[in-house]
Amino acid sequence: MARPLTIEQRDSRLGVWLIAPSVLVFLCLIAYPLVDSVWMSFRQINTITLDGHYVGLRNYEEIISSPDFWRSLINNFIWTAGALTLQVVAGIAIGLMLHQNVWCRSLARGLILFPYLLPMVVAVLVWKWLFNDLYGLLNAALVHSGLVDFPVDWLGGMPSAMISIIIVGAWKYFPFVVLTVLARLQSIPEQLYEAAKIDGAGPLARFVDITLPQLRGVLVIVVLLRAIWDFKEFDLIYMMTGGGPVISTQTLPLLVFKHAFPLQQLGKGAAVAVIMMLIMLVFMLGYLRLYGREQDK
Amino acid sequence: MRQHPWLGRLLWNLMVWAVVLTIAFPLFWIVSTALRPETELFQRPPSLLPGTVTFEHFRRLVMDTPFPIYFRNSAIVALGTTLMVIIVGSLGAYSLSRFRYRGRGAIAKVVLLTYLMPSVVLFLPLYLIMAELGLVNSLFSLVLAYMTFALPFALWLLRSFIDAIPVETELAAMVDGASRMGAFFDVVLPQALPGIISTALFTFILAWNEYLYALVLTNRDTEKPLPPGVITMLTSSYNIEWALLMAASVLMSLPLILSFAFMQKHLTRGFGAGAVKG
Amino acid sequence: MASVTLKHLGKNYTTAAAAAVTDLSLDIREGEFIALLGPSGCGKSTTLRMIAGLETPTAGNILFGDKDVTYELPADRNIAMVFQNYALYPHMTVRENLEYPLKKRRVPVAERQARSREVSELLQITALLDRRPGQLSGGQQQRVALGRALIRSPSVFLLDEPLSNLDAKLRSHMRTELVQLHRRLRTTMIYVTHDQLEAMTMADRIAIMFDGKLQQFDTPEQIYNKPCNREVAGFIGTPMMNFLAGSVQPGANGPELIVAGHLAAILPAQLNSLCGRTVTVGVRPEDVTETAAGIAAQVVLTEPIGHETLVSLDLGPHRVVMRHRPDFRIGAGEYMQLHFNPQKVHLFDPDTGQRVDTGT
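Chains as they are written, first to last, in my numbering: chain A, 116 to 412; chain B, 532 to 809; chain C, 217 to 576.
The set of hints was computed from the structure by calculation and includes no laboratory data. Be aware that a few hints might be false.
Restraint-style ranges between C-beta atoms, simulated for each label pair [said to hold, decoys possible]:
| hint | chain 1 | residue 1 | chain 2 | residue 2 | range |
| --- | --- | --- | --- | --- | --- |
| 1 | C | K429 | A | R128 | 28 to 38 Å |
| 2 | B | S768 | A | S221 | 32 to 42 Å |
| 3 | B | F586 | A | D264 | 33 to 43 Å |
| 4 | B | S768 | A | L257 | 49 to 59 Å |
| 5 | A | R173 | B | R751 | 49 to 59 Å |
| 6 | A | Y308 | C | L401 | 35 to 45 Å |
| 7 | C | K283 | A | R128 | 38 to 48 Å |
| 8 | A | S275 | B | L542 | 42 to 52 Å |
| 9 | A | G407 | C | A233 | 19 to 29 Å |
| 10 | C | G281 | A | E123 | 17 to 27 Å |
All values derive from a computational prediction rather than experimental measurement. In this text, a Cβ means the ideal position worked out from N, Cα and C, and glycines have one as well.
Take the sequences, apply the hints, and build the full model.
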């Protein structure tokens, strides 16, 4: 006679049914397209007609031998490094500031959070307006204060274009760092600081000996996360400069898009995307390991 | 400083607020520009505040441009995505939190990994799939595409909320006569409600702000949501009408501002928990 | 009302090396109040969960009356359970909490309300009916949990350390209330605890478990006076029973108990069969008395408690604690002569720990 199901077995089955829709979405919309991406990278496909044929590694060869690709790769690292540094430095500094008592502290915190929640389109629009060479406020202020003689064409020249997008990238995303830092700071017990004060430690010593070590774990995760997300940023750069002037702010994501749409070569675009994924895999695996370690704590 | 501690405090507060106001300045500038008449835009040097306040640009935006269509599309897609994600995500998060089955650990890790997945990698094959299915230029294709980033995020957030609910209440419900899923609806969902609302809001904002997938999957005004639509308004005209664009920016940010004002406490709490976990 | 029978119950988790419960058999009579007692990790909570149906045993059967319920869902067993942290539904009022089990059984509204009123009066929580659990004190929450369990008139009542979250004064008050409740309702109650005082004062019979195995299932008096092995003997009774190494030798007046080279007691004649054996001697502090001529022991410490004085002494290599009059004082280092009550001495096998002096 068959033994009836134990409650653990019934539970397991129900659990599987509950996760099934999510797994279905993953398989159809994420796993399959990922695999498809690799398959596409070995073909030449016309974006409009969708005709394609197998070309083996030719896409990769052409990409690796094109200066367009290397320029984009370097730009990607410059952009990531610049934006990341500013995000982290500003994030920590302002996080520390907002941890102290300030007038209307929750209002201040809310205002700081705003850039992060704003649609990227809006951020791009207002900064393009601020950077505008003819009527933008920034140039008006610079000329008026005598710092420059002529308005700067921020988005039309180098290195100002790269600097511009780094500034906007920092402004848009630093609140993420602020939030993380604040949350961590709030969990540091006050007694640690009190004990240190009694032992004679001044404010700088307390920061270096207590605050920084406590922040360390969270900061590593935040830096890794932001590095991953900054590296793959498309919207901001595409809308601000389109990769220009010429290709001096073009990054890998923009290159993927360029191959797919203006150049109508889906296969090549996919190949760049695959290369990008491989580079990022290193970061992502690093994050997974670190996350596992933080979880165990 | 020691003689006048209030002076130190005053300077500190002023400094912090100077920083905050500098960061928030662009927001002010959006509104200031949107409310001033066209002529004031080309003043040199420009003034900080509008000389006369006008709602002309808002009126034109709503009456004479495709903006309302974009707004409608954004609303439909964001609501659709949020609904799908909350339903599928709540059940999935409950499964990951409470049940034990083979592969659960692997699925949890995969969720984490896809949270980091760049849409840059997925947009090409997704475009191909949607094109082959004939779904290009449909709001449905956008909902599907948005789920690729919204669902992992929601699963991860919702799971942490459900983990925080003690399991005994479900056991008590089962002893009291509820079925397993009955316990979920009677006892878990009500307790998870604040978390679900936070997640829904975050998902809505994510979907509302999405640009790349919308850009790739729609090319007609009738299906475009706000982000690509508004940028089209920027790039397609010879004379860039900044005030109009600033007015569009204000309206585009409205749902965000409203939900933010409504959920201020919840946002920082939910995000803080999520942010620390990474 | 139902009797509960556990037959060779076992529970193995694939993730753990040792079994949580092994070969547990218990015959619980209808209307009895049983305590499952043991240290943490002994398997008592697992056993309770299996009786509730929240886990399925990997071996054995569970019967309610004549019905085998081993694979039945909790909802189908007509049981009620009170959890350690009460598990009240925080989003429902007290009234809704109480009525939930009835709602699940589709009891009509009027009857539900009548029952919840009845139960709330019984437990004196009528004033709290419209409050939320978050607004109640620990004791009040506990009563609501009890009420929710009572409202369906279950056949078996399961309680998982329900008093451990209360402060000492409230705990002793609730102990009395629970016993009175049981007397009134006469429902079969199975009560899990690690606190021997609770078990001893409340239960009709106690099932002691260590490491997933049942040690002894008996009335509190029997467990106290005739513990079946050394572990049980050491677990029950405060201060703990004294254990000493000894042997039984034949003697003129009867078998002699030798401890630390001296005669400790003359045992009853039935225990002659033990002559020549080494044993572990167990004797409770109240069964050690001062005598004119006995075994010499050196005082280490006296602890006047108020209603008695505890004296700790070194007897050879052993530490012995005895109870004495409340006004008794003696200096450390002085000597006393001790006598072990031969009727109250427990003898255990030094290797297996099992009781060997079956007899008295």
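#### Entry: List of violated hint numbers, smallest to largest
4, 5, 6, 7 and 8
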